[in-house]
Structure formats: structure tokens, C-alpha cells
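Engineer: The sequence shown lines up with residues 467 to 532 when you count with our numbering.
Some hints here could point you the wrong way.
[Unchecked claim] Label-pair restraints from in silico Cβ distances:
{"no.": "1", "residue 1": "Ser506", "residue 2": "Ala483", "range": "16 to 24 Å"}
{"no.": "2", "residue 1": "Ala476", "residue 2": "Gly500", "range": "20 to 28 Å"}
{"no.": "3", "residue 1": "Asn484", "residue 2": "Ser511", "range": "25 to 33 Å"}
{"no.": "4", "residue 1": "Ile521", "residue 2": "Ala483", "range": "39 to 47 Å"}
{"no.": "5", "residue 1": "Glu522", "residue 2": "Ile469", "range": "34 to 42 Å"}
{"no.": "6", "residue 1": "Thr496", "residue 2": "Phe516", "range": "41 to 49 Å"}
{"no.": "7", "residue 1": "Phe524", "residue 2": "Phe471", "range": "21 to 29 Å"}
{"no.": "8", "residue 1": "Ala528", "residue 2": "Phe471", "range": "27 to 35 Å"}
{"no.": "9", "residue 1": "Glu491", "residue 2": "Phe524", "range": "35 to 43 Å"}
{"no.": "10", "residue 1": "Pro473", "residue 2": "Thr502", "range": "19 to 27 Å"}
{"no.": "11", "residue 1": "Cys487", "residue 2": "Ser511", "range": "44 to 52 Å"}
{"no.": "12", "residue 1": "Glu474", "residue 2": "Thr530", "range": "15 to 23 Å"}
{"no.": "13", "residue 1": "His523", "residue 2": "Ala479", "range": "21 to 29 Å"}
{"no.": "14", "residue 1": "Cys495", "residue 2": "Phe516", "range": "21 to 29 Å"}
Don't read these hints as lab results, they were simulated from the structure.
Just so it is clear, CB atoms sit at the ideal spot from N, CA and C, and this is done for glycine as well.
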Amino acid sequence: LGIAFIPESALQAGSRANVACLQIEDPVCTREIGLTRHQSRYFTSAAKEFRQVIIEHFRNMAQTEI
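Could you build the full structure based on these sequences and the hints that come with them?
Structural biologist: Now the structure itself:
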């Protein structure tokens with residue numbers, strides 16, 4: 467007996483026997499995503515560029531999704 471919030475993709479992958487599914491109307495979902503690095507390690511120019519691409523990607527996603 468219990469309740470869980472799971473993505474629809476998980477339901478499609480597994481068995482739905484004995485599972486009652488209810489859809490939430492207009493859910494407000496957020497997720498915090500972090501990006502870290504070890505300060506004492508050398509940070510290559512490729513890693514810096516990758517970091518910038520990731521930051522811009524998620525910044526753009528945040529602006530278009532809300």
C-alpha cells in the first residue's frame with residue numbers, strides 16, 4: 467500500500483498490473499541541476515567551453531519552459 471510519483475516512461479517500461487494511475491492536472495514541477503568541478507584540478511579550455519554550452523542550454527530551457 468502506498469503512493470508514488472513516477473514518470474510515464476517508467477510505467478510504459480514495467481508491468482501495470484495492480485497499479486492505478488491518476489494524471490495530475492497542470493503540475494508545477496521543478497528540478498535543481500548542479501554542475502561542479504574540482505578546484506585543484508586543471509580546467510581545460512574544452513571543459514570550459516563545455517561548461518558554457520551546458521549553462522546556456524539549461525538557461526534557455528528555463529526561459530522557454532516557464
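Engineer: Give a verdict on every hint.
Structural biologist: Each hint tested on the structure:
1. Ser506 <-> Ala483: 16 to 24 Å: 52 Å, violated
2. Ala476 <-> Gly500: 20 to 28 Å: Hint holds: Cβ distance 23 Å, inside 20 to 28 Å.
3. Asn484 <-> Ser511: 25 to 33 Å: With Cβ atoms ~54 Å apart, the hint is violated.
4. Ile521 <-> Ala483: 39 to 47 Å: Given a distance of about 44 Å, which is inside 39 to 47 Å, the answer is holds.
5. Glu522 <-> Ile469: 34 to 42 Å: Since the Cβ atoms of Glu522 and Ile469 sit about 37 Å apart, the hinted range of 34 to 42 Å holds.
6. Thr496 <-> Phe516: 41 to 49 Å: For Thr496 and Phe516 the Cβ distance comes to about 24 Å; the hint is violated.
7. Phe524 <-> Phe471: 21 to 29 Å: Taking Cβ atoms as reference, Phe524 and Phe471 lie about 22 Å apart, which means the hint holds.
8. Ala528 <-> Phe471: 27 to 35 Å: Given a distance of about 21 Å, which is not inside 27 to 35 Å, the answer is violated.
9. Glu491 <-> Phe524: 35 to 43 Å: Between Glu491 and Phe524, where Cβ atoms are some 27 Å apart, the hint is violated.
10. Pro473 <-> Thr502: 19 to 27 Å: 25 Å, holds
11. Cys487 <-> Ser511: 44 to 52 Å: 48 Å, holds
12. Glu474 <-> Thr530: 15 to 23 Å: Roughly 21 Å apart at Cβ, these two residues keep to the hinted range, so it holds.
13. His523 <-> Ala479: 21 to 29 Å: The hint (21 to 29 Å, Cβ to Cβ) holds, given that His523 and Ala479 are roughly 26 Å apart.
14. Cys495 <-> Phe516: 21 to 29 Å: 27 Å, holds
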